[in-house]
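Asks: Letter by letter, the chains look like this.
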Amino acid sequence: DSGVTQTPKHLITATGQRVTLRCSPRSGDLSVYWYQQSLDQGLQFLIHYYNGEERAKGNILERFSAQQFPDLHSELNLSSLELGDSALYFCASSPRTSYNEQFFGPGTRLTVL
Amino acid sequence: DAKTTQPNSMESNEEEPVHLPCNHSTISGTDYIHWYRQLPSQGPEYVIHGLTSNVNNRMASLAIAEDRKSSTLILHRATLRDAAVYYCILRDGSGGSNYKLTFGKGTLLTVNP
Chain A
1 DSGVTQTPKH LITATGQRVT LRCSPRSGDL SVYWYQQSLD QGLQFLIHYY
51 NGEERAKGNI LERFSAQQFP DLHSELNLSS LELGDSALYF CASSPRTSYN
101 EQFFGPGTRL TVL
Chain B
1 DAKTTQPNSM ESNEEEPVHL PCNHSTISGT DYIHWYRQLP SQGPEYVIHG
51 LTSNVNNRMA SLAIAEDRKS STLILHRATL RDAAVYYCIL RDGSGGSNYK
101 LTFGKGTLLT VNP
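The listed protein sequences derive, respectively, from chains A and B.
Counting along the first sequence from 1, when you hit position 49 you're at 49 in the numbering used here, and nothing is skipped either side.
Counting along the second sequence from 1, when you hit position 18 you're at 18 in the numbering used here, and nothing is skipped either side.
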């Protein structure tokens, strides 16, 4: 158990819909990262937040957005969902003392039908 | 991001050492070498990282070539629980807040009882 929690564990929805994935980092960690893992693209970095501010953006689609709240939990919003958005979405956090180590949550499996 | 090359798969026997190679011939002076692993149905897990010197921790050892163009992750005594996909990742350490990880395809390690 990494200490990072993600909800829900599974999500099944239809094309065109909007969903919100939630992540709670380890206690005391200020950084939150989002990654997408699909069969064809592998594990891809989406976005990094540090203490509520966006720090880096990766291959994140315009239909996707994220934010980190004052209590440090983060949400990833996916809208106008397409079949190709079906994937595992991982959240990770890292401690202030060691940014080199990211602790990953168990992931949210999104299925778009 | 600088590229890494790993074998697609490797096999080992339980309780024997495992040497997982990684080539990164285009590594730059500020690139950190990270290793993560992903067990079946779980999120990635940090294993070890280094810059120039060899590193040891409770999970593994990292041996870095003198010219830094290759590295080897060493599991001293493989167990069945070490069966996973192992990712060798270069992270650009030159920027102040660039902590994103770029995952490749990794090496699938099979451990035989």
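Please note that the accuracy of each hint is not assured.
Simulated pairs of lysine-lysine, PhoX-like, Cα-Cα distance not exceeding 25 Å [unchecked claim]:
1) B/LYS3 / B/LYS105
2) A/LYS9 / B/LYS69
3) B/LYS3 / B/LYS69
4) A/LYS9 / B/LYS3
5) B/LYS69 / B/LYS105
Over the 12 Å line for every Cβ pair with chain B, so calculated as not near, a few chain A residues [to be verified]:
6) SER2
7) GLN17
8) ILE47
9) GLU75
10) SER86
11) GLY105
Because the hints were derived from the structure by calculation, they are not lab data.
Even for Gly, the Cβ is constructed at its ideal location relative to N, Cα and C.
Asks: Take the hints in turn and mark each one as holding or not.
Replies: So, going through the hints one by one against the coordinates:
Of the supplied pair hints, the one linking B/LYS3 and B/LYS105 holds, its CA atoms being roughly 11 Å apart against a limit of 25 Å. The suggested pairing of A/LYS9 with B/LYS69 is violated, with an alpha-carbon distance near 39 Å, which exceeds 25 Å. Restraint check for B/LYS3 and B/LYS69: the C-alpha separation of about 11 Å stays at or below 25 Å, so the hint holds. Between A/LYS9 and B/LYS3, the direct Cα distance comes to roughly 32 Å. Violation of the 25 Å bound is thereby established for this hinted pair.
A threshold of 25 Å between alpha carbons decides the hint, and for B/LYS69 with B/LYS105 the separation of about 19 Å falls inside it, so the pair holds. Chain B draws A/SER2 into its interface by the beta-carbon criterion, the shortest separation being 7 Å against a cut-off of 12 Å. With a least beta-carbon separation of about 25 Å from chain B, A/GLN17 lies farther than 12 Å from that chain, consistent with its non-interface assignment. Against chain B, the non-interface label of A/ILE47 is violated: not every CB pair exceeds 12 Å, the least being about 9 Å.
Every CB of chain B lies more than 12 Å from the CB of A/GLU75, the least distance being 18 Å, so the non-interface label holds. Consistency note on A/SER86: stated as away from chain B, and its beta-carbon is indeed over 12 Å from all of that chain's, at 16 Å minimum. With a least beta-carbon separation of about 6 Å from chain B, A/GLY105 fails to lie farther than 12 Å from that chain, contradicting its non-interface assignment.
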